[in-house]
Amino acid sequence: MQNKLLNVKNLQTKGSGAAFLITGVFLTLFVAFLYFDRSSELSAVIQNLGAAGMLLAVMLMAVFCLTPIPSEGLVVVFLKIYGIYLGTFLAWLGCNLGTLVIFFAARHYGQIFFKKLLTPERFKLVDSWVNDKGTWGLFIARLLPLPAFIVNYAAGMIPSIKLWPYFWTAALSIIPYYVGTALVYLGITAKMWIWLVIGGAAILIFWSVSYLLNRKSLKVG
1 MQNKLLNVKN LQTKGSGAAF LITGVFLTLF VAFLYFDRSS ELSAVIQNLG
51 AAGMLLAVML MAVFCLTPIP SEGLVVVFLK IYGIYLGTFL AWLGCNLGTL
101 VIFFAARHYG QIFFKKLLTP ERFKLVDSWV NDKGTWGLFI ARLLPLPAFI
151 VNYAAGMIPS IKLWPYFWTA ALSIIPYYVG TALVYLGITA KMWIWLVIGG
201 AAILIFWSVS YLLNRKSLKV G
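Residue 1 is where the sequence shown starts when you use the working numbering, and the numbers rise one by one after that.
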């Protein structure tokens, strides 16, 4: 038993180390892109790819959403290349695609592998909201201060959750955060401070709701 616990801890430690390494590489690439795209030359090249470039963007975001790597940096890249409206839409579309991939992977390829990605506490937190409140509980769980991919993997492993409730709760819950990010970006780049304030307020409200829901779940638990 002790050996099994040690193996699980080793896997989690290695997984965390790999996640930090990959995140560091991505941040380096993100900063490099912003530096070399100061005159928007790289953005113009990608825009000239047309539909192929947009498809690549959606696929890239989908891959990011399969991992613990924060996607905010990639969202900013999309906003810089494609503008506020199209950039936000492509990021949202890619996130939803990744969400669907996680559902089918977790549902059809077994729970043993995916449970290595989750701590029992996080799985129990999502499971308790779903058991108590059903689909509404799943939506609330998506507003908790947990990485989206964690909730997706956990929800995908709960047999009572069907595809449609799983999908629409994911698609809807991410909108406020992406819109807030886009408004903050618009406020900074266009020096339109009103949008910066509105976007910042939207993100702050999102975080506040997450905090309050998390406190409630801890009290109930």
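There may be inaccurate statements among the hints.
[Said to hold, decoys possible] The list that follows gives simulated cross-link-like pairs (lysine to any residue, SDA-like), each with its CA atoms no further than 25 Å apart:
#1 Lys80 x Lys133
#2 Lys162 x Asp127
#3 Lys124 x Ile69
#4 Lys162 x Leu146
#5 Lys133 x Phe89
#6 Lys162 x Lys191
#7 Lys133 x Glu121
#8 Lys80 x Leu163
#9 Lys162 x Ala105
#10 Lys124 x Phe89
#11 Lys133 x Leu172
#12 Lys124 x Leu66
#13 Lys162 x Val197
#14 Lys80 x Met59
#15 Lys133 x Met59
#16 Lys124 x Gly134
#17 Lys124 x Lys80
#18 Lys191 x Ala105
#19 Lys124 x Ile150
#20 Lys162 x Lys80
#21 Lys191 x Ser40
#22 Lys80 x Phe30
#23 Lys80 x Arg38
Read the hints as simulated data drawn from the structure, not as lab findings.
Please read all numbers here as calculations on a predicted model, not as lab measurements.
Worksheet item: Given the hint that Lys124 pairs with Lys80, does the C-alpha gap stay at or below 25 Å?
Response: 39 Å, violated
Worksheet item: For the pair supplied as a hint, Lys162 and Ala105, is the alpha-carbon distance within the 25 Å limit?
Response: 14 Å, holds
Fill in: Straight-line alpha-carbon gap Lys80 to Met59, limit 25 Å
18 Å, holds
Discussion item. Next pair to validate is Lys80 with Lys133; report whether the Cα-Cα distance is within 25 Å.
Written reply: It is violated: about 40 Å lies between the C-alpha atoms, which goes past 25 Å.
Fill in: Hint consistency between Lys191 and Ala105 [alpha-carbon to alpha-carbon, up to 25 Å]
43 Å, violated
Worksheet item: Is Lys80 within 25 Å of Phe30, Cα to Cα?
Response: Roughly 12 Å separates the two Cα atoms, so the pair holds.
Item to complete: Verify the proposed pairing of Lys124 with Ile69, using a straight-line Cα cut of 25 Å.
Response: 22 Å, holds
Worksheet item: Going straight from one Cα to the other, do Lys133 and Phe89 come out at no more than 25 Å?
Response: 30 Å, violated
Practice prompt. Verify the proposed pairing of Lys133 with Leu172, using a straight-line Cα cut of 25 Å.
Written response: 17 Å, holds
Discussion item. For a C-alpha distance cap of 25 Å, please report whether Lys124 and Phe89 respect it.
Written reply: Violated: Lys124 and Phe89 sit about 32 Å apart, past 25 Å.
Worksheet entry | Satisfaction of hint between Gly134 and Lys124, Cα-Cα up to 25 Å | Given pair Lys124, Gly134 holds - Cα atoms ~14 Å apart, limit 25 Å.
Worksheet item: Given the hint that Lys80 pairs with Arg38, does the C-alpha gap stay at or below 25 Å?
Response: This hinted pair holds, its Cα atoms lying about 10 Å apart.
In summary, the numbered hints that this structure violates are 1, 5, 6, 8, 10, 13, 15, 17, 18, 20.
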